[in-house]
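Could you build the full structure based on these sequences and the hints that come with them?
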Amino acid sequence: MQGILKKISQINFGLLSPENIRKMSVTKIVTPDTYDEDGYPIEAGLMDPRLGVIDPGLRCRSCGSKGGDCQGHFGHINLARPVIHVGFADTIHKILRSTCSSCGRVLLTESEIIDYKDKLDAKYKNEESITALIKEIYTVARRDKCPHCDEEQEEVKIDKPVSIVEGNYKLTSSEVRERLEKIEEDDYILIGINPVVAKPEWMVLTVLPVPPVTVRPSITLETGERSEDDLTHKLVDILRINQRLKENMEAGAPQLIVEDLWELLQYHVTTYFDNEASGVPPARHRSGRPLKTLAQRLKGKEGRFRSNLSGKRVNFSARTVISPDPNISINEVGVPEMIAREVTVPVYVTDWNIEDMRKHIENGPKIHPGANYVIRPDDRKIRVYEETKDSILEKLEPGYVVERHLMDGDIVLFNRQPSLHRMSMMAHEVKVLPYKTFRLNLCVCPPYNADFDGDEMNMHVFQTEESRAEAKSLMRVQEHILSPRFGGPIIGGIHDHISGAYLLTREGSVFEEDHVLQMLKKARLPLPKRKNEGWTGKEVFSLLLPDDLNMVYRAEICRKCDECLRQDCKNDAYVVIEDGQLKTGAIDEKAYGAFSGKILDSIVKDYGTDKAREFLDSATKLAISGIMKRGFTTSTADEEIPREAKDRIEELLSMAELKVEQLIDAYHNDELEALPGRSLRETLEMKIMQVLGEARDKSGEIAESYFGMDNHAVIMALTGARGSMLNLTQIAACVGQQSVRGGRIERGYSKRTLPHFKEGELGAKASGFVHSSYKKGLDPLEFFFHAMGGREGLVDTAIRTAQSGYMQRRLVNALQDLSVQPDGTVRDNRGIVIQSKYGEDGVDPAKSDYGKVADIDRMIEEMRIKSKAAK
Amino acid sequence: MDIKKVTSVVKKKKADFPESLIHEIAEASERHNLKVKELESLVDEIKKAYERAGVENGEAVGTVAAQSVGEPGTQMTMRTFHYAGVAELNVTLGLPRLIEIVDARKKISTPTMAIYFEEGYGNDEEFVRKIANQIGKIVLNDILKDFHVNYAEMNMSVEIDEEKVEDKRLELDVILAKIEKAFKRVEINNNLLSFEPTISESKHAIRELRLLADKVRDLQISGVKNIGKVVISKEELEWVIHTEGSNLGAVLKMEGVDKTRTTTNDIHEIEKVLGIEAARNAIIHEAQSTMEEQGLTVDVRHIMLVADMMTSDGSVKSIGRHGISGEKASVLARASFEETGKHLLRASIRGEIDHLTGIIENIIIGQPIPLGTGSVGVIMKSRD
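Those protein sequences? They're chains A and B, same order as listed. Letter 700 of the first sequence, counting from 1, is numbered 700 in the working numbering, and no numbers are missing. Letter 99 of the second sequence, counting from 1, is numbered 1099 in the working numbering, and no numbers are missing.
In silico PhoX-like links for lysine-lysine, alpha-carbon gap of 20 Å or less: (1) A:Lys199 - B:Lys1342; (2) A:Lys395 - A:Lys381; (3) A:Lys847 - B:Lys1048.
Hints listed in this document are in silico derivations from the structure and should not be mistaken for laboratory results.
What follows is the structure in structure tokens.
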């Protein structure tokens, strides 16, 4: 576990020379076979034992270490003829085009050479990218005549993937290599090659390194059959052709045959490196599946870089379905006992905890607060079994490490994908609970964007003391109540928390003292002194507020009347809190809901996160016990409106439909006046949409006028708990216009939307206006149009998630290296200043008041109150 | 209370406030009629708040900014919506527009301008209409009264509507001169014109005539390059022109145009005409208003950082493999983003060195990342 931690300071990239390849090779590979009949690897074959071992127990013939410890050794294949490396084909082409075919110098004049060398030196010194400059050289150095030896240059073309054609003659790889060898070392830098690490001729391979078996392990199937890795298959192909080519050359076969074989060798080497190179048919497995060769292993989302290096699979993690638990704190997470027994926390045994640790070991791996492993001071890991328990207990002493079960109070990391922002991974305290799901408080649903329709979440257990400390102070849920996106709360009450608080605190809600005490007890709040009379809900809620809290705001239920009656608001929407007492106004989403909770916001900012967590925990519990005292339910009865309302709506809608007909008539008779910059047809569409939109809104208003605050659905909509007035009026009155592509529905059948209509019909019904309400039910035509609109919505969402996901990946990739420096500047990892002061004022949005340093107006008011009090 | 006074108080209290905060304090003290003493204690309070709200060193502001801009993307609409300001113009909004901005596209899908006028001109409807007609694209077809193609005589007679000409504030003489210049075989008789096609025997005569008819109707008689439709609207007591298409350089040269408020949504054009700082502000403004229009609040500081990153080297770079991510210093960072093979192969012949200073490189090799708590180290004094 311990050892010297070495820091890697840099990685140098370079090209392998043929000599280097031979030097690092442990064996020359010649035989295209892998195993003999007895199942032993063939010497000088692709599975040569000197290339390393995979099976544990065997020892490596090259380094002597055991399987697992030996990381493998390279071999090599001597190619009978040189072969171009696909990845460099483009570069080779550009180099040949920019160098003289006879003297090998770059086709630049002496003065250009000096000029470009200076520029390149400067770029190298500043570690800037030289790509643009090299590109420029490639274009400038495309001359017809060599400035050095006056030789006429023929045009060099590339025939994808790897054929280089000069004039009409196809250069062989050997000739290409000769050309590259001719280039002087002084010119390397001009053609984009660093002479320290590479030579142009190394881009044409004469010897091929064979990766160790650890890179291409063979799998033994259940049938006992061996199945080789794709790379091994490819290497077999290369060896086979190489062998044939060599034999044919030695036998003095005709030129034609040698060339054919040479080309075949080139093909196999090409696909060995990249099986998706343009211009080559991909090499296939016997089953027809394209082989996964070197480039494919690295590339893309499932490639080595993105799926194994940037992200890794980890131990000490768990995943299961989530379900709600209103009784635990927002800081906690309920962990099933089954998981708690599996994932462990390493604890260093000391004199002070040895007794505790003994108990854990005594419990063993099967009884909950137990232990699974013990690590001895000599780093040996011992599994705790029922049988070995006693011997371990005997030896246990300070210095040992016990991997004990997860227990209440441990800090774990909790995460739900997609992890779109930092609140998608927060630290929770463990609470071990029965059953098999993770339990979380409902207030943390918004940041995770979680619901309980089958969502799963992941949990990770910290393994070091530093990580635990860091997580506890930086990643705990309570530290993330405020979102850095806009400086307001993102964690807060939802759904029943909101409607519950409203029912509790609205005007006229009075409870008997016994009931109040029951509610408070249920919410696990300290009980106040009895006062032997009824309590108003506002008094009950005030028990949660800090004593010196003062604020005034308009609640979510505010109807935005033309003239505000302030404290005398009929809707009880003007909230006044004086010295921690809720004087007027009802509590709703604006008070402590996620995204907009004002009271919550000011408690976090003025009293700290501990107080905020306490407030949120107890406020939600109180709201729930309040709503349970009273009872709360909804059904379609809530959207019932009287006959006369239905008649009025019906009349309104037929009026609107008539108006649409009139508009259409006007359009046909050319009486319609076009809006500026619009065609007549567009004008008609806009006017119809407007008329129908108004009709829908008005029908909604009629329905709304019959809804009162005794209606549970309305309470939910107006307090911001769930749903909207639009939802309700669509159920009760009229669904309204369905749209596809932002306009009325136009297409579908020949010259009309459905065969039920006349050709070219433009009326409301024919273009997707849904006249019925959801409650009444849609007729078949309306249903069809509704489904069209609904489908568009689904397609839209699917495309949007893909697009915004990619945008976010690009944004994060572009900005991830930025950080604030001690001097207040924002710099990237090269030290380049991006901002001389973060955000122009150095304020952290997560600590700001909705982007501002502070609410100055409130500050002034508070100051004045204080100074008045002082007088 | 004026800014000077606030500035002096701030200085006296040794507070290092940014300009925007001083302005805010000045406005607030005006609103509340603060006395000097009150102002002093207010500045004290704000100083405390300002220190509390400061960013911490090593904070991963880039990642937070990227997440804050990217996360709301999932909640945005995809559709191109009508009206941004005026009902008559289509403007790309929502996620497609945001992607367009971070991509720094050269050709945006719906370029549009808002042209404001200097004082004295803005209320003059007649003047604004005249300018609008100079800017907007007008073709001959827009001012015709009668258009008749006579196949028997192989010519066409055209009548220009003088009322329309007047309505559009154009000059008939100028139009006629343009027509004469554009067509060879034309007879002009006041507002009556007669065109004849050049008939050669090898071509179909009727087809020629029809082509000519289209050509005549599409003859542009007025307008600025790249600008199509224009819409005039009244916004808070002054007339404003909104256009389809954009040409900031040409419009700014016109008489009466307010050079400080007139703007376009084409970021590259702003960069070309007004420079990189203006382009940065344009990115911030466009991104911010795209978000706001969708009802999403994102702190400006995040958008600022994105804009600053895009413009930090003096030209507008896109976010992605052709811009910022493609120019990173680290080979591993580039290879792990996109075009893995290309970057590795190029690094090998260039002999590139990866100094492993970035985030992704350190994750790849399994070391702590140089951000936040990982950005500090301990230097121990050797005891000698």
